[in-house]
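Participant: Chains A and B, in that order, give the protein sequences.
Per the working numbering, residue 316 is the first one in the first sequence, and the count goes up by one each step.
Per the working numbering, residue 316 is the first one in the second sequence, and the count goes up by one each step.
There could be a bad hint or two in this list.
Said to hold, decoys possible - The following label-pair restraints were derived from C-beta to C-beta distances:
| hint | chain 1 | residue 1 | chain 2 | residue 2 | range |
| --- | --- | --- | --- | --- | --- |
| 1 | A | T552 | B | G474 | 19 to 25 Å |
| 2 | A | T541 | B | S519 | 36 to 42 Å |
| 3 | B | D400 | A | K548 | 36 to 42 Å |
| 4 | B | N465 | A | P443 | 33 to 39 Å |
| 5 | A | G534 | B | K322 | 56 to 62 Å |
Hint data in this document are derived by calculation from the structure and do not stem from the laboratory.
In this text, a Cβ means the ideal position worked out from N, Cα and C, and glycines have one as well.
Protein chains: 2
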Amino acid sequence: MTMQQAKICKGCWQQMHVPVPLHGVLSVPFRAVGIRPSKMNPNTCTICESMFTTVMRARKVTIDATVMFADLRGYTSLSQALPADAISRLLDTFYDDCADAIWEQDGLLNKTIGDAVMAVFNFPIKWPDHARRAVLAAREIQRRWTEGRNALAQEFGVGTAELGVGIGIHSGELSFGEFGRSHRDLTAIGTVVNTASRAQTAASPGEILVTEAVHQRAGSDFPDSTPKPYQLKGFETPIALYAA
Amino acid sequence: MTMQQAKICKGCWQQMHVPVPLHGVLSVPFRAVGIRPSKMNPNTCTICESMFTTVMRARKVTIDATVMFADLRGYTSLSQALPADAISRLLDTFYDDCADAIWEQDGLLNKTIGDAVMAVFNFPIKWPDHARRAVLAAREIQRRWTEGRNALAQEFGVGTAELGVGIGIHSGELSFGEFGRSHRDLTAIGTVVNTASRAQTAASPGEILVTEAVHQRAGSDFPDSTPKPYQLKGFETPIALYAA
Numbered sequence: 316m317t318m319q320q321a322k323i324c325k326g327c328w329q330q331m332h333v334p335v336p337l338h339g340v341l342s343v344p345f346r347a348v349g350i351r352p353s354k355m356n357p358n359t360c361t362i363c364e365s366m367f368t369t370v371m372r373a374r375k376v377t378i379d380a381t382v383m384f385a386d387l388r389g390y391t392s393l394s395q396a397l398p399a400d401a402i403s404r405l406l407d408t409f410y411d412d413c414a415d416a417i418w419e420q421d422g423l424l425n426k427t428i429g430d431a432v433m434a435v436f437n438f439p440i441k442w443p444d445h446a447r448r449a450v451l452a453a454r455e456i457q458r459r460w461t462e463g464r465n466a467l468a469q470e471f472g473v474g475t476a477e478l479g480v481g482i483g484i485h486s487g488e489l490s491f492g493e494f495g496r497s498h499r500d501l502t503a504i505g506t507v508v509n510t511a512s513r514a515q516t517a518a519s520p521g522e523i524l525v526t527e528a529v530h531q532r533a534g535s536d537f538p539d540s541t542p543k544p545y546q547l548k549g550f551e552t553p554i555a556l557y558a559a
Numbered sequence: 316m317t318m319q320q321a322k323i324c325k326g327c328w329q330q331m332h333v334p335v336p337l338h339g340v341l342s343v344p345f346r347a348v349g350i351r352p353s354k355m356n357p358n359t360c361t362i363c364e365s366m367f368t369t370v371m372r373a374r375k376v377t378i379d380a381t382v383m384f385a386d387l388r389g390y391t392s393l394s395q396a397l398p399a400d401a402i403s404r405l406l407d408t409f410y411d412d413c414a415d416a417i418w419e420q421d422g423l424l425n426k427t428i429g430d431a432v433m434a435v436f437n438f439p440i441k442w443p444d445h446a447r448r449a450v451l452a453a454r455e456i457q458r459r460w461t462e463g464r465n466a467l468a469q470e471f472g473v474g475t476a477e478l479g480v481g482i483g484i485h486s487g488e489l490s491f492g493e494f495g496r497s498h499r500d501l502t503a504i505g506t507v508v509n510t511a512s513r514a515q516t517a518a519s520p521g522e523i524l525v526t527e528a529v530h531q532r533a534g535s536d537f538p539d540s541t542p543k544p545y546q547l548k549g550f551e552t553p554i555a556l557y558a559a
């Protein structure tokens with residue numbers, strides 16, 4: 316991993332100017348009271364995760380953010396053909412590639428769902444160019460995966476075409492916070508999340524599809540892309556998507 | 316909530332005969348070292364979650380278990396029509412109904428994924444009749460949701476038919492443990508998980524579809540069900556599913 320590890324929590328520093336040590340001897344008293352690097356982004360801490368209840372005194376907030384879904388294509392049929400051990404190594408590598416690429420852009424790896432990963436950009440670390448950062452993370456996932464999959468495909472005796480990643484990205488206002496009362500879950504919900512998920516479904520292996528909103532915000536990074544209309548499940552009218 | 320709260324961790328007691336207090340004054344020293352009720356099942360503790368590394372010294376195990384997926388139908392189109400606040404109340408209620416029904420049967424609410432919930436039965440609390448328990452939990456989710464949705468549908472001005480839950484269940488050997496090295500995630504993977512997920516996709520609102528394996532194990536609970544063949548995405552041959 317080439318990523319630089321943050322010494323203090325980037326979220327707490329950016330939002331409250333409080334230095335929370337994440338590593339080393341200074342972090343020991345913090346760890347004793349349960350403050351440690353977040354699993355969703357190790358450059359932020361668990362205070363950031365529970366910021367809603369402890370700092371903001373609200374369970375949910377409406378924020379402008381970017382959501383990215385990345386999905387390992389062919390996983391269902393592969394998991395029938397390969398032994399459990401091979402599948403688990405495949406997922407380990409995929410999750411790690413995604414995590415590194417997302418964290419490099421200060422995104423939050425919010426969920427892993429079987430063969431898919433969901434990331435949120437602009438929380439808790441804020442960046443005005445969060446849409447662009449999501450696109451950069453997506454391209455880095457494709458780059459890392461293309462680089463690493465050949466060895467895996469050869470070892471497992473499957474074609475590399477069966478091991479592609481499809482990615483969808485959308486930006487806009489969403490609800491972020493804790494959902495569920497008895498089982499509390501920190502996540503994002505709303506149309507932005509669903510649209511990103513559906514755009515991911517439409518992407519071919521190796522492809523990144525982004526919405527008009529992402530294209531407008533990160534436009535300078537798309538030299539010559541023309542939108543195509545896609546009929547996505549659950550949406551009445553076709554949605555225009557750009558290849559990134 | 317009618318569920319009885321366990322006083323000691325049911326997982327640690329069942330597997331190691333160690334009493335780990337979950338509530339009250341006896342739990343204070345345990346909480347100080349980070350041992351508290353698990354978010355995935357409050358009748359077990361965080362030791363159970365990390366049992367792989369701390370007790371079993373393996374990151375993953377192959378276990379016989381039952382996986383259930385429950386999905387809130389119409390969520391994508393509803394989330395475009397309703398305000399964020401209404402959607403978040405809808406999800407809170409759905410997650411809570413699922414959590415209560417799953418925990419009553421000693422299942423693990425492993426993940427919430429937008430409008431869907433994934434549960435695993437037979438870990439960490441073991442029951443030989445885990446397939447039957449999953450079916451009972453599924454029926455309880457349908458019962459609770461049908462009872463509660465009318466008020467929600469009326470309040471939000473949508474039809475109750477738009478607010479149905481589809482459920483899929485499958486049993487068999489799966490990999491359970493921690494996946495990913497930099498972002499560690501405790502979950503189940505394998506064909507059993509994918510098949511349960513696909514069976515859920517095939518279920519109509521209000522329906523529970525289970526596989527042959529579940530039917531065989533929990534058969535006495537299905538007085539007169541005939542299997543129907545379903546062509547599921549990612550599977551070459553049709554899969555026989557029973558309505559439960």
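Participant: Okay, G534(A) versus K322(B) on CB: inside 56 to 62 Å?
Facilitator: holds (59 Å)
Participant: When you take the CB atoms of T541(A) and S519(B), is the distance between them in 36 to 42 Å?
Facilitator: For T541(A) and S519(B) the Cβ distance comes to about 39 Å; the hint holds.
Participant: Does the Cβ distance between N465(B) and P443(A) fall inside 33 to 39 Å?
Facilitator: violated (45 Å)
Participant: 36 to 42 Å was suggested as the range; check whether the CB atoms of D400(B) and K548(A) agree with it.
Facilitator: violated (25 Å)
Participant: Range hint 19 to 25 Å: satisfied by the CB atoms of T552(A) and G474(B)?
Facilitator: holds (21 Å)
Violation of the numbered hints given earlier is confined to hints 3, 4; the remaining hints are satisfied by the structure.
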